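Heads up: the protein sequence lines correspond to chains A and B, in order.
1 is the number of the first residue of the first sequence in the numbering used here; add one for each residue after it.
1 is the number of the first residue of the second sequence in the numbering used here; add one for each residue after it.
These are calculated hints, taken from the structure and not from any lab test.
Treat the hints with care, since some could be wrong.
Note that identical chains are pooled: a pair holds if it fits in a single copy or bridges any two copies.
Using 30 Å as the maximum straight-line C-alpha spacing, the simulated BS3-like pairs for lysine-lysine come out as follows [stated by the list, open to error]:
| no. | residue 1 | residue 2 |
| --- | --- | --- |
| 1 | 99 | 196 |
| 2 | 127 | 197 |
| 3 | 197 | 99 |
| 4 | 196 | 127 |
| 5 | 116 | 208 |
| 6 | 116 | 99 |
| 7 | 116 | 127 |
| 8 | 197 | 208 |
Keep in mind that this is a model prediction, so the values were computed, not measured.
Number of protein chains: 2
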Amino acid sequence: MNSRDTLVTELNTLADFKPVVPNDFKDADILMLGNLNPSVQLSVIQQMEKRPKLIILDTMNFWMDNTLEDLKEVIAEIDVITINDEEARQLSGEYSLVKAAEKIHSMGPKYVVIKKGEHGALLFNEKNVFFAPALPLEEVFDPTGAGDTFAGGFAGYLASTTNISFENMKRAIIHGSNLASFCVEQFGTERMQNLKKEDVAQRLHQFKALTQFNIELE
Amino acid sequence: MNSRDTLVTELNTLADFKPVVPNDFKDADILMLGNLNPSVQLSVIQQMEKRPKLIILDTMNFWMDNTLEDLKEVIAEIDVITINDEEARQLSGEYSLVKAAEKIHSMGPKYVVIKKGEHGALLFNEKNVFFAPALPLEEVFDPTGAGDTFAGGFAGYLASTTNISFENMKRAIIHGSNLASFCVEQFGTERMQNLKKEDVAQRLHQFKALTQFNIELE
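Pulled out of the complex, with its shape left as it was, chain A reads as follows (with noise of 0.2 Å):
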């Protein structure tokens, strides 16, 4: 078999899993759907007791693939979107990333988060735009995983901090491009076991110093 039949062979197995949202979790305030399959999403959507404050569902092109309409189905009952440029790309059928946005807006998500890896990450939300860069690494050793880590730190930030204005969001975007930026300079989940809270605050640092400007506006 080639890569690409073992990943559609480990997907279809996925698609097999049941998960069962344990009664503790069926109210919470924040839920994010990993990348699976449409159907698995929603139905954990649909074991929750009330409807969280914010869905995050994070998705790739094999779902886009094999299970449109399930996907399209899923979509149209969450809050925030994080997907890649290709596959805004390949989603919307619009190469601008500005109208890929707009169209995804248009299918549900008030949020559309779209990952550029090492280019950093865009934030829309209706007429709004936010982007947080990728910081600028020596060396990326494994990038396997950063997505993930992306979007763990985005949605963990959120819940923290029990707060899903735009503003927050902004911050939610930079935290994770943050957890991110660390999980790529070890193997697999090596460098994220071993981190402290101190690198991760000595690394926001970096990121306002990577990006804020003071210039005068008229």
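Starting from the known structure of chain A, arrange chain B on it as the hints suggest.
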């Protein structure tokens, strides 16, 4: 002739170009050397009465392929180099842009600006790094001249503010990105010819909204 042959012929013709610096410009504080044969760039430096406070150089892969030694000679004389990401990799032999900038620093320039097209631009100065995004646009009509507009906006801002600190260079990079975002909206120089100060001021608000965030540092 294919397009590459045409380019080579045109650039060789440009090598015969012998610019004479007018007397009124021989004491300029800021010198911007456009993307030409390095020997032409060097001859302009040599015509200056006094060493400008800041010499900025734009170049490209053609000169790296064909006149590398001359190019290195002029690079050793200048303060700021602006090149794109692929050219930075070619010139330095390093894939990581952080390492590429370090190597290029060691060739002379205190400041290295790496242009990444639709993905923005990076400014390196020793251990400092600043990133200016490109504005996400609905449509890029014609990217021709965006890099030159960026370089002109950058140099023009520094000249008009008579301040070559790193803080002001950050503003200059934003200003260059701002102007370049207009350049691509219409064909050739059309948009630039009709551009108004208010348009630029208004778009600066968009750049602020795009990148500025407020997150507590520890």
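Hint check results:
{"no.": "1", "hint": "99 to 196", "result": "between (39 Å within a copy, 26 Å between copies)"}
{"no.": "2", "hint": "127 to 197", "result": "between (34 Å within a copy, 23 Å between copies)"}
{"no.": "3", "hint": "197 to 99", "result": "between (38 Å within a copy, 27 Å between copies)"}
{"no.": "4", "hint": "196 to 127", "result": "between (37 Å within a copy, 23 Å between copies)"}
{"no.": "5", "hint": "116 to 208", "result": "both (19 Å within a copy, 20 Å between copies)"}
{"no.": "6", "hint": "116 to 99", "result": "both (16 Å within a copy, 21 Å between copies)"}
{"no.": "7", "hint": "116 to 127", "result": "both (20 Å within a copy, 25 Å between copies)"}
{"no.": "8", "hint": "197 to 208", "result": "both (17 Å within a copy, 29 Å between copies)"}
Consistency with the previously given hints is maintained throughout, with no hint failing.
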